[in-house]
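Q: Spelled out from the first residue to the last, the chains are:
There are 2 protein chains.
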Amino acid sequence: MGMSTIDFWYEFASTYSYPAALRIGALAAARGIEVTWRPFLLGPIFAAQGWRDSPFNIYPVKGRYMWRDMERICASLALPLVRPEPFPQQSLLATRIAIALDAQARPAFSRSVYHAEFGEGRPIAEASTLAPLLVSLGLDPEEVMERAQSPENKDLLKRECARAAEIGLPGAPCLVTADNEIFWGNDRLDAGLDWAAGTRRPST
Amino acid sequence: MGMSTIDFWYEFASTYSYPAALRIGALAAARGIEVTWRPFLLGPIFAAQGWRDSPFNIYPVKGRYMWRDMERICASLALPLVRPEPFPQQSLLATRIAIALDAQARPAFSRSVYHAEFGEGRPIAEASTLAPLLVSLGLDPEEVMERAQSPENKDLLKRECARAAEIGLPGAPCLVTADNEIFWGNDRLDAGLDWAAGTRRPST
Chain B
1 MGMSTIDFWY EFASTYSYPA ALRIGALAAA RGIEVTWRPF LLGPIFAAQG
51 WRDSPFNIYP VKGRYMWRDM ERICASLALP LVRPEPFPQQ SLLATRIAIA
101 LDAQARPAFS RSVYHAEFGE GRPIAEASTL APLLVSLGLD PEEVMERAQS
151 PENKDLLKRE CARAAEIGLP GAPCLVTADN EIFWGNDRLD AGLDWAAGTR
201 RPST
Chain R
1 MGMSTIDFWY EFASTYSYPA ALRIGALAAA RGIEVTWRPF LLGPIFAAQG
51 WRDSPFNIYP VKGRYMWRDM ERICASLALP LVRPEPFPQQ SLLATRIAIA
101 LDAQARPAFS RSVYHAEFGE GRPIAEASTL APLLVSLGLD PEEVMERAQS
151 PENKDLLKRE CARAAEIGLP GAPCLVTADN EIFWGNDRLD AGLDWAAGTR
201 RPST
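Protein sequences, first through last, are from chains B and R.
Take the first sequence: its position 129, counted from the start at 1, is 129 in the UniProt record's numbering, and no numbers get skipped.
Take the second sequence: its position 75, counted from the start at 1, is 75 in the UniProt record's numbering, and no numbers get skipped.
You may find that some hints are simply not true.
[Stated by the list, open to error] Label pairs and their calculated CB-CB ranges:
(1) A48(B) x W67(R): 15 to 21 Å
(2) S128(R) x K158(B): 53 to 59 Å
(3) G121(R) x V135(B): 56 to 62 Å
Worth flagging that the hints you see were computed from the coordinates, not collected in a lab.
Virtual Cβ for every residue (Gly too), placed ideally from N, Cα, C.
Kindly generate the complete structure, drawing on both the sequences and the hints.
A: Spelled out as structure tokens, the structure:
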């Protein structure tokens, strides 16, 4: 039997994807599970449910709860938290770049985007925010941006979003196991990884 | 310093409240925390957000995810799971009864309602389902039902629902600590109880 694998679906505009992206690497490595990072856009999925904005904005009670919950989670993980304005941030460019990167660079770039967005409150829709992140990873921003905006790469992202809708992802982040179990939320990383590892501990 | 306390807010129509209600007693006892059981109705809170039905029915993607998630959770806890029809069940009568009971009988009655509803798929809106549960707790169903439907008891439930809205409960189940922290979901019982116990472990 080969190494267990799991798909980590995340959205750059998603608050709970921030701690999840920072935690998933160590949690998966501890169980010997290989993670495929799959950035996608929640916009089309939310639009299909009639939402034209983040549900955290549409439903203020949920929004207030979420921000306080994020404060607690980030404090417990010693992660900085600064609310980006506006919320949610437009995540299209960052997502296209992440998709254009290889499996080595994608996780590091994604973590750096989350840190800029939610750790420092910086605008991730702007190339001027993202280019320095690529430079600090040893990549050529112009070359990567050109690849990110190519028709082939745009199509690739569209196919990933279609796949996310087809799987039935209810939000982000999600783990999807090889046997198609979905685990939704930063608070379900352990349950999803345990399922993938075959231990299937109580997924309370 | 006295015993730590926590409020457990739950709704009989809520699926995730079922495993939470079955788990909370042991988890709280292990930490020496006293639990106040506070049944309430989500209907008015959802109506204020424009929902006239369960969000799990309004948003089928979330509904499909929830039911599969419930299957996994119940399997891991060795709890039976039978979907009641219709879903959600009308919970007003059961909630009035629970409110009318004292702090000793309320948890036991509430667990038995959840077992009938989600463990056996029985209709909890009907007095014929609920009366035998009272009998098996050594209570007089006629006396309890009369108290449950009294104007005083109806007012008490209305005040509890108003309080839930005032606190800003985003759903059910929720734990609310003495310092007004809200922890939403069956998957956050440990985090809420740890907060109440003062240990404040990472609330991933």
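Q: Using the Cβ atoms, figure out if G121(R) sits within 56 to 62 Å of V135(B).
A: holds, 59 Å
Q: So does A48(B) sit 15 to 21 Å from W67(R), Cβ to Cβ?
A: holds, 19 Å
Q: Between S128(R) and K158(B), is the Cβ distance one that fits in 53 to 59 Å?
A: With a Cβ separation near 54 Å, S128(R) and K158(B) satisfy 53 to 59 Å, so the hint holds.
In summary, this structure violates none of the numbered hints.
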